[in-house]
Amino acid sequence: MQHARVLNSGKIQNEWTSIWHIQTEAFFLYSDMSQDRTILVCAKETPDTYSDLSFSGGSVQFSNPRPVLNAYDASALEEALVLSEAHGFRVHVVMIGPEKASETLRKALAMGADEATLLTDAPKDADSAVIAKILAAFVEQFGPDAVIMGRQSQDTDVGLAGGMLADHLQWPWTTNAIGIRFEQEAFWVKRQGDSAQEWIDSPMPCLITCSNNLNDPRIPTLKGIMASKKKPMHIVAIDSLPGGDALSTLAPSTTIESLTPMPERAAGELVEGDLETLVEALMKGLGSIPETGVGS
Amino acid sequence: MRVCAVIPCFQEELRSSALEVLTKATIVASSSGGRVEAWLVGPTAEKHSSKAAQYGAATLRVMELEVDSEAKGVNVSLGRRIVDAVDELMTQSTAELATEGAPQPPSLLLFDNTELTKDVLGACGARLDVPVIADVVDLSWDGHQCIAQRPTYASKVMSKVHAEGSVILCSIRAGLFEPDEKPVKATTHRYKSPQTDLLGQVLKELVAPEGDTVDLTEAPIIIGVGRGIADETGKDLVAKLATLIRGEIAISRAHFESGMYSHTLLVGQSGKVVAPRLYLALGISGSIQHVAGMSESHTIIAINKDPEAPIFDLADLGIVGDLYQILPALIHALESTQA
Ligand SMILES: Cc1cc2nc3c(=O)[nH]c(=O)nc-3n(C[C@H](O)[C@H](O)[C@H](O)COP(=O)(O)OP(=O)(O)OC[C@H]3O[C@@H](n4cnc5c(N)ncnc54)[C@H](O)[C@@H]3O)c2cc1C
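Each protein sequence line maps, in turn, to chains A and B.
If you're matching positions, the first sequence starts at 0 in numbering that gives the first Met the number 0 and goes up one per residue.
If you're matching positions, the second sequence starts at 0 in numbering that gives the first Met the number 0 and goes up one per residue.
For the record, the hints were derived by calculation from the structure and aren't laboratory data.
This structure is a prediction, so every number in the text was calculated from the model and none was measured.
Just so it is clear, CB atoms sit at the ideal spot from N, CA and C, and this is done for glycine as well.
A hint or two may mislead.
As the list claims (entries may be wrong) - Have a look at the derived ranges for each label pair, beta carbon to beta carbon:
id, chain 1, residue 1, chain 2, residue 2, range
1, B, Asp141, A, Glu139, 35 to 41 Å
2, B, Asp305, A, Met225, 40 to 46 Å
3, B, Ala94, A, Ala250, 26 to 32 Å
4, B, Ala207, A, Ala85, 54 to 60 Å
5, A, Gly142, B, Asp305, 48 to 54 Å
6, B, Leu197, A, Thr259, 24 to 30 Å
7, A, Gly142, B, Glu256, 33 to 39 Å
8, B, Thr242, A, Ile224, 50 to 56 Å
9, A, Ser62, B, Ala328, 39 to 45 Å
10, B, Glu180, A, Gly57, 49 to 55 Å
11, A, Glu139, B, Asp179, 25 to 31 Å
12, B, Arg226, A, Ser62, 44 to 50 Å
To be verified - What the simulated footprint calls covered on chain A by chain B, stretch by stretch (three residues with Cβ under 8 Å from a Cβ of chain B suffice, anywhere in the stretch; the number is not a length):
id, segment
13, 39-53
14, 172-184
Okay, chain A solo, but in the shape it has when bound (with noise of 0.2 Å):
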């Protein structure tokens, strides 16, 4: 069996082309997995939506060019390492993206995680589906006790890909968690509902996906940065998975056909002043809409 590269991030901006070519025949070990349960974090990188956005021919355009990794998969691998800091799980995140995507996914080993697996050569245009069936693939083979991932990407907001992989999976799967605990050998999720909140408890192997509204992700200690570099990350092309040749070849089923900018709201009245005029304009707009029942 062959080892998957695995890279110091030294390498990486010198070598960045030449080592990246290694074909996986079987599949690749990790370091002392056995011992430890583990977690796996799924995670993306996004452009940085919250930065400006513009339009130019059709394609949307951020003031911030460096990609970001996705809040919500922030959050679910803050909440991850908060377990295994606990319980003891080993933290492992995978992200499907492009070679340079591995600076995002270092950022995730700057902050805890003790291991990474980027996959590369996703098919053009993957949508939700098409990543859930390479993530299925790739959970099938290693095996994590629980997935914990962000409910949604923060740049399509689709949040599709945790239900399509729990189902792949046939895993219980509990979506918009705003708490976790690990208890009785189960994870206990409180998820955000309609109109309450739920406690759903899960065995394991379960699927956990994460609101951002359960904690702040943690920023990277400059320890955690210099301890990244030597954590393993290990770059595996999408077709050396099982059933790969069929997964690096596979039709999204829904595309984007064209992004246009919003139609945006056009600013209304802006009335400053003293207190008396602001209390009339307000009577007035309130006084308009009949469902307030003032003026009626």
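Assemble chain B with the ligand onto chain A, guided by the hints.
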């Protein structure tokens, strides 16, 4: 061809989002020449079936589902029950239609966009192995191709998404159009629910803190409370105002940290998406993540002491001033008109 409104029925009242989905289904069906079906699943499915016929569904497929004992009367179910139900209804109805001599009809399945749906939509898509488009604000369908509009990048960009196949799933954003009554004579088919293997999962408890009984997506008047409301005095003022203008309270993420309100009330990219008649934003700056959840409101009124606050860029009426002065005066004015 059939357009099927998939309606989880766990509450005593049928949700308005379900009626909106039915209305959308009739619109899509009439432009594509398809029939409208309602798939009602849940403990109150039978009860709501006549209402579905009132809103245009000529075929009613009713499946009584078991309810988790903790979750009576609320929109809550372990997701697998619903995925199994949808899977079963698809198999059974396809088989029936085939024995009626017709080829398997193209099917568009429309869901609402509640947290309950979000929990199951991806799994349903994977189970049926069909395309899924989530959180759609408009769509067209010709029996094979579906073109849908959905907001993306925190609702700053409209994305036009294309899917094709004999079965397609879409969820429809709530609050965007009025449900429209369109009574039809309906035939009802009843189905036995499949035995769901919950894989050891248990719904342990429902936590419904104070205020959690409201369903924001259904409220016509919403008062959005931001960091500008900073203490109990402010909270009391907001509560008084809410009673006077029949509003429900929502919060920005600032109040996740403050702990002053229940988390269920969060509006925005990571909370609920609402489109009420009136959204009254109190001390909310207008971050894109918050705006993503309320920019479709019919009317927006904002009060903020900072004239440069981004919320004013989208407010129909902006009031510049200190909430702690304005709210008592406004409450006084409202009380004197209502006295
Ligand atoms: C991935 C991600 C997802 C997020 N999802 C959401 C979400 O779903 N919903 C959400 O709300 N946020 C969300 N956020 C957080 C968001 O970025 C903002 O931090 C948050 O919305 C700010 O809330 P705010 O407007 O109440 O507070 P601030 O931005 O602090 O604004 C407070 C406003 O109150 C005004 N003010 C203060 N005192 C007074 C006074 N006495 N009288 C009048 N005006 C006053 C100020 O001028 C200011 O404009 C998310 C962030 C991330 C990264």
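Hints and how they fare:
For the pair Asp141 of chain B and Glu139 of chain A, the supplied restraint of 35 to 41 Å holds, since their beta-carbon distance comes to about 37 Å. A hinted range of 40 to 46 Å for the beta carbons of Asp305 of chain B and Met225 of chain A is consistent with their spacing of about 41 Å. At about 28 Å, the CB distance of Ala94 of chain B to Ala250 of chain A agrees with the hint of 26 to 32 Å. About 28 Å separates the C-beta atoms of Ala207 of chain B and Ala85 of chain A, a value inconsistent with the hinted range of 54 to 60 Å.
Look at Gly142 of chain A against Asp305 of chain B: about 53 Å separates their beta carbons, and that is inside 48 to 54 Å. Against the hinted window of 24 to 30 Å, the Cβ-Cβ separation of Leu197 of chain B and Thr259 of chain A comes to about 43 Å, which falls outside the hint. Checked against the hint of 33 to 39 Å, the C-beta distance between Gly142 of chain A and Glu256 of chain B comes to roughly 38 Å, which is consistent with it. At about 53 Å, the beta-carbon gap between Thr242 of chain B and Ile224 of chain A stays in the expected band of 50 to 56 Å.
The hinted window of 39 to 45 Å between Ser62 of chain A and Ala328 of chain B holds, with their beta carbons roughly 41 Å apart. At roughly 40 Å, the beta-carbon separation of Glu180 of chain B and Gly57 of chain A lies outside the given 49 to 55 Å, and the hint is violated. Between Glu139 of chain A and Asp179 of chain B, the C-beta spacing of about 47 Å breaks the proposed range 25 to 31 Å. Against the hinted window of 44 to 50 Å, the Cβ-Cβ separation of Arg226 of chain B and Ser62 of chain A comes to about 25 Å, which falls outside the hint.
Closer than 8 Å: that is the beta-carbon criterion, and the segment 39-53 of chain A has 3 residues meeting it against chain B, so the requirement of 3 holds. Interface restraint, the segment 172-184 of chain A with chain B: holds (5 residues with C-beta to C-beta distance below 8 Å; minimum three).
The earlier numbered hints that this structure contradicts are 4, 6, 10, 11 and 12.
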